[in-house]
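Enquirer: Take a look at the letters that make up each chain.
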Amino acid sequence: MTIFAKMAAGYGLVGSFIIVAVTTFLGYKLAELIGQKRMGSAFAILLALVVAYIGGVIAHKQIDAGVLTTASKGITDVVYWIGSGDSLKKYAIFGGVGILGGGMMRDFAIISTAWGVDPKNLVKAGLAGIVALLLGLILSFVIGVVVGRLFGYTDVSELATIGAGVQTFVVGPVTGAAFGVKSEVVALSIAAGAVKSIAAMIIAPLIAKKIKLDNPTGAMIFGGLIGSTSGTAGGLAAVDAKLVPYGAMVATFYTGLGCLLTPTIFTAVLRMIMG
Amino acid sequence: MGIYGLGIIGACMFAGCYLGNLLGAALGLNSDVGGVGFAMVFFILIQVYLAKTGKKLNPKTEGGIEFVSALYIPVVVAMSMNQDVYSAVASGLVPIISGILAVIIPLLTIPLISKLAKD
Numbered sequence: 001m002t003i004f005a006k007m008a009a010g011y012g013l014v015g016s017f018i019i020v021a022v023t024t025f026l027g028y029k030l031a032e033l034i035g036q037k038r039m040g041s042a043f044a045i046l047l048a049l050v051v052a053y054i055g056g057v058i059a060h061k062q063i064d065a066g067v068l069t070t071a072s073k074g075i076t077d078v079v080y081w082i083g084s085g086d087s088l089k090k091y092a093i094f095g096g097v098g099i100l101g102g103g104m105m106r107d108f109a110i111i112s113t114a115w116g117v118d119p120k121n122l123v124k125a126g127l128a129g130i131v132a133l134l135l136g137l138i139l140s141f142v143i144g145v146v147v148g149r150l151f152g153y154t155d156v157s158e159l160a161t162i163g164a165g166v167q168t169f170v171v172g173p174v175t176g177a178a179f180g181v182k183s184e185v186v187a188l189s190i191a192a193g194a195v196k197s198i199a200a201m202i203i204a205p206l207i208a209k210k211i212k213l214d215n216p217t218g219a220m221i222f223g224g225l226i227g228s229t230s231g232t233a234g235g236l237a238a239v240d241a242k243l244v245p246y247g248a249m250v251a252t253f254y255t256g257l258g259c260l261l262t263p264t265i266f267t268a269v270l271r272m273i274m275g
Numbered sequence: 001m002g003i004y005g006l007g008i009i010g011a012c013m014f015a016g017c018y019l020g021n022l023l024g025a026a027l028g029l030n031s032d033v034g035g036v037g038f039a040m041v042f043f044i045l046i047q048v049y050l051a052k053t054g055k056k057l058n059p060k061t062e063g064g065i066e067f068v069s070a071l072y073i074p075v076v077v078a079m080s081m082n083q084d085v086y087s088a089v090a091s092g093l094v095p096i097i098s099g100i101l102a103v104i105i106p107l108l109t110i111p112l113i114s115k116l117a118k119d
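Listed in order, the protein sequences are those of chains A and B.
For the first sequence, our numbering assigns the number 1 to the initial residue and increments by one for each residue that follows.
For the second sequence, our numbering assigns the number 1 to the initial residue and increments by one for each residue that follows.
Chain B with its partners taken away, still in its complex shape (with noise of 0.2 angstroms):
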């Protein structure tokens, strides 16, 4: 069934963002800290034990994971229509000097730091 797809995927949240709250917690901070990494993490941990046992999901269930995904690019999109553009372009000069630096400068350095990446 479709559903158990979403509900493999929504374990993992619950289980990674409560992780991630309590990590921030014991940080002192009043929030989650990579809880939606943890969420992935125990996400791909699932796929590593069926591909070590050999064992596959039903297509149904591997379904309802793939429509989520699929639904990635239309949350984004439904994401950016929430974007307080308004704010973000009436605010002055500091905001969008600083704010679209902050994305070109860092992001020229990706060439350099992706050599420490190991092959």
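Just chain A, same shape as in the assembly (with noise of 0.2 angstroms):
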């Protein structure tokens, strides 16, 4: 088991491909299965967010175990380990998704989709997408709001620090260090811009009918109601890959707009309204 887990760690990213073509295979045959072929890369993605679930469980157990000191990355985070104290050794036997599906590779493949893009598109759409945007920013930061004072926080700040995790887990934590609010409310911050990630790349190809995601100017929409980069990626590759350059294109802007407008204007404007 040493030997292979060593020889896991070594090749990691050749690993990964396996690891990745198991389940996307996996996910293109449960859609089948079901009667839904078009829907494959969407359960693939549903079954990856799975194996990350299951990845922080073990990864949460061996930080338990003393093996482990931080874990936030889905099943990257996990290790083989044998000996203890200052013998101990570890091996990050899925240390390669963490490179195929970090932020190099991400950007890299996302640009590449702009490849075939008609810019008559982007024209035709670009006030559309701006709007989008900066409606994103609001409805995000009020819906944080909204919710974290339902549940009993007060603090202007705290609720501003909320309302920007649920614009996206980069901006919480900036606005929450420009107020010096205390880390568990940042950790719920970043907690919330997860959810939305994760909750967009599942509801995207659920609704996606119902609300005409279908064409570039759509999905230069989404990418700005969105936000996040990976719930932008993920829930347009559910929808249709052919869509993703699109709302990449637009959701680009919204973390920089949303750590410049948050901390600022709209906790400025929260402090007037709430007194």
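For lysine-lysine, the following DSSO-like pairs were computed, each having C-alpha atoms within a straight-line distance of at most 30 angstroms:
hint, chain 1, residue 1, chain 2, residue 2
1, A, Lys209, A, Lys124
2, A, Lys120, B, Lys55
3, B, Lys56, A, Lys120
4, A, Lys124, B, Lys55
5, A, Lys209, A, Lys120
6, A, Lys242, B, Lys60
7, A, Lys6, A, Lys90
8, A, Lys120, A, Lys242
9, A, Lys212, A, Lys124
10, A, Lys6, A, Lys89
11, B, Lys115, A, Lys212
12, A, Lys242, B, Lys115
13, A, Lys124, B, Lys56
14, A, Lys182, A, Lys61
15, A, Lys242, A, Lys29
16, A, Lys209, A, Lys242
17, A, Lys61, A, Lys6
18, A, Lys89, A, Lys61
19, A, Lys120, B, Lys115
20, B, Lys115, A, Lys210
21, A, Lys242, B, Lys55
22, A, Lys242, B, Lys52
23, A, Lys124, B, Lys52
24, A, Lys242, B, Lys56
25, A, Lys209, B, Lys115
26, B, Lys115, A, Lys124
27, B, Lys60, A, Lys120
28, B, Lys52, A, Lys120
If you anchor each label on the Cβ, the simulated ranges turn out as follows:
hint, chain 1, residue 1, chain 2, residue 2, range
29, A, Gly102, B, Tyr4, 19 to 29 angstroms
30, A, Met272, B, Ile3, 55 to 65 angstroms
31, B, Ala90, A, Ala65, 12 to 22 angstroms
32, A, Met1, B, Glu66, 36 to 46 angstroms
33, B, Met1, A, Phe151, 54 to 64 angstroms
34, B, Gly28, A, Ser87, 45 to 55 angstroms
35, B, Tyr4, A, Leu206, 32 to 42 angstroms
36, A, Gly10, B, Ala11, 23 to 33 angstroms
37, B, Lys60, A, Ser72, 39 to 49 angstroms
38, B, Ile105, A, Phe4, 44 to 54 angstroms
39, A, Ala65, B, Ser31, 27 to 37 angstroms
40, B, Gly7, A, Thr264, 33 to 43 angstroms
By construction, these hints were calculated from the structure, which means they are not laboratory data.
Beta carbons: idealized from backbone N, C-alpha and C, even for Gly.
Since each chain sits alone in its own frame, please combine them into the complex, following the hints.
Expert: Right, dumping it as structure tokens:
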């Protein structure tokens, strides 16, 4: 087993090809079984999220065992370990999944999808994209504030941090740090952003038809409304990979704009309203 | 050569993300604002230039670009495996309720905002 773990850690990226291939295969088979062949990638993503959850459960057990110190990257955190104390040896057997699914490869693949994009479609929906971007930031912030308020949070800075986290899990900590909010609330805001990304991947394919998410304009608006790179990338992949470049093009401005507006204007308005 | 295709995308990525980081710094943020979007604009401009001059990429170079495009779904599947689903589920109702509502409510506005697109 140790020999295998050593090899799996050394050949991490290639190992991730096998893991992703098997997951994708199972996802497409599952979709076929249910008679929803077009939902193949949606099921593959769903299975991958289940794998991420199981990884999280195992990784947190490994934290309890003193093997790991933190865990926030799903299956990637899980290690194979032998020995204890000073002779503790850890092998990152799933490290390759972290490379293949990390920010570098994600952005590289997203940019490549712009091949064959008709610039006319982008210009046509430009205004709609910008409106969606602003509306997406405002709605997420308001939803976070209202839900936080309903659950007993009253401090304006804490509510703003939760609202910022609902925007994306990057804006939450940025806003929290700006007001010196305590770390539990920041953690909550990060979790809210993670839930939104995951929910976008699962919900988008389910309601795509109803909300007319089947054309470049709809995809650009989707990118502006959801905003998180992973949520947009995953959600559109589950609906129709051809829509990805349009959504990604708008979503790429969301987090930056959120970091700019949320700790400043949005929070100031909230402070005025709440007195 | 296929690698030329990968190199073109990579060059667009570096140029775009550098611009994104410059914009971020100009706005006083320590992050990338719109880098991927700028990279995509550069990539699209190359295609517009090719179409205008009637030039075509070598089929193998194009094959390299299509190879990366085809990797998109696998990369997303791997990305999904990296999500912190455990913490998302374990942190209580505030993140779960607000996160889900923040997908459903905004998405319902898509048909409405779509009307802003010019035909």
